[in-house]
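K.L.:
All chains, please: the whole structure from these sequences, using the hints.
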Amino acid sequence: MSLKRFLNTIQQPETTAVIYMVLSSMFAALFAFFGKVGVEELPFALLLFLRFFIPLVLIVPVFAFMGVFKKFHELHNIGLQLLRAFVEVICQYCFFGYLLNGTLLHATLFWSSAPLFMPLFYKWLHGYRSDRANLMAIMIGLIGVICIIKPDKGIFDPYSILGVLVAITSALSQILNGYNRERHSNEENLTYFFTFTSILSFLPLGLYAILFLPESLREKTALALQQFSVWTPLLAISVTTILIQTFRGIAFKRVKPLYLGPLFYLAIPFSGLIEYWMYGITPDFLSVIGSLLIILSSFIKRDLKTSQTPSVESSTAK
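Numbering of the sequence shown is given in this note's numbering, commencing with residue 1 and proceeding in unit increments.
For the record, the hints were derived by calculation from the structure and aren't laboratory data.
There could be a bad hint or two in this list.
What the hints assert, rightly or not - Taking lysine to any residue pairs in the SDA-like style, the calculated list, with each CA pair at most 25 Å apart, reads:
id : residue 1 : residue 2
1  : Lys253    : Val60
2  : Lys123    : Met139
3  : Lys253    : Ile242
4  : Lys253    : Leu120
5  : Lys123    : Phe86
6  : Lys220    : Phe202
7  : Lys253    : Leu125
8  : Lys253    : Ala64
9  : Lys123    : Leu142
10 : Lys70     : Asn186
11 : Lys253    : Glu182
12 : Lys220    : Ala236
On a predicted model such as this, the values are computed, not experimentally measured, just so you know.
P.N.:
Next up, the structure:
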């Protein structure tokens with residue numbers, strides 16, 4: 001392939017969408033790792049609030065310096081933005097709740113299993129059916145997931161219910177993200193997202209701090225927040241969060257989330273590598289096979305349709 005043809009290929013909307021989704025999956029694995037570190041240091045209600053609020057603090061001055069806010073349109077589509085923020089807060093509460101009791105790999109696995117539920121939401125919202133190639137990619141990825149988790153009585157514990165809720169809410173959140181991305185610039189989307197999620201995640205944090213947090217734990221948390229070792233994962237979580245949302249927003253502007261779904265699975269083998277490097281946990285044969293199947297599912301040729309989906313309002317009105 002000539003250099004000119006190669007450059008033309010990577011500039012295609014479908015190709016750039018895939019590249020950004022691969023990058024977002026890599027940073028999703030890093031986010032899960034730093035989340036695992038952070039949730040062991042701080043009450044996870046506080047961690048959840050900071051996970052949304054710190055990115056907001058980071059992006060607002062940058063956007064202000066760039067003059068982004070001058071270009072904002074009139075306030076519109078607020079309902080879908082609020083709905084997406086609400087769903088995402090629930091998703092992250094379930095995700096960090098599972099991280100407290102499960103492994104990094106399994107937590108990432110549940111979070112990355114959103115593609116299994118995306119076709120159901122698309123069908124429910126506007127009767128849209130996925131094509132065979134995309135369904136095949138999803139099913140091959142599912143087989144890979146099963147190879148990694150090797151279901152036994154351990155995986156079907158009560159905490160796995162949290163894991164399934166992570167997958168369901170993540171699927172709905174990404175579909176809503178796709179709708180919002182069609183109506184807003186990436187900067188608008190990020191500002192709405194982090195503003196609303198910060199507000200929504202602060203409400204349970206305030207109730208928890210007032211009603212349930214013992215005085216001794218308040219003092220311990222205050223001391224922890226004075227340590228650099230605690231702020232390191234917090235800042236890493238914030239930066240990876242911004243990158244994930246940015247990359248997915250760019251990708252969803254080009255291609256429907258449903259057709260990029262199998263690429264979510266790539267976060268799973270990335271997390272497996274992180275567990276090996278950081279904790280010395282060596283993947284077994286089935287986990288390696290599962291990772292290869294997941295990677296294969298991401299490369300199955302399918303019709304990557306551009307992001308021109310009907311609106312939720314018009315779809316549900318039918």
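K.L.:
If a hint holds in the structure, say so; if it does not, say that too.
P.N.:
Comparing the hints with the structure gives:
Taking the CA atoms of Lys253 and Val60, the gap is about 22 Å. The hint holds against a cut of 25 Å. Distance check on the hinted pair: Lys123 and Met139 sit about 17 Å apart at the alpha-carbon level, within 25 Å; holds. Between Lys253 and Ile242 the alpha-carbon distance is near 16 Å, which keeps this suggested pair within the 25 Å criterion. As the CA atoms of Lys253 and Leu120 are separated by approximately 21 Å, the hinted pair is consistent with the 25 Å bound.
Restraint check for Lys123 and Phe86: satisfied, since their Cα atoms lie roughly 22 Å apart, inside the 25 Å limit. Straight-line distance between C-alpha atoms of Lys220 and Phe202 comes to about 20 Å, which keeps the hinted pair within the 25 Å bound. Between Lys253 and Leu125 the alpha-carbon distance is near 19 Å, which keeps this suggested pair within the 25 Å criterion. Taken as a hint, the Lys253 and Ala64 pair is honoured in the structure, with Cα atoms around 23 Å apart against an allowance of 25 Å.
Simply put, Lys123 and Leu142 have alpha-carbon atoms about 19 Å apart, close enough for the 25 Å limit, and the pair holds. A hinted pair counts as satisfied when its Cα atoms are at most 25 Å apart, and Lys70 with Asn186 qualifies at roughly 14 Å. Among the hinted pairs, Lys253 with Glu182 is consistent with the structure: their alpha-carbon atoms are about 6 Å apart, no more than 25 Å. Taking the CA atoms of Lys220 and Ala236, the gap is about 22 Å. The hint holds against a cut of 25 Å.
The structure is consistent with each of the numbered hints, conforming to all of them.
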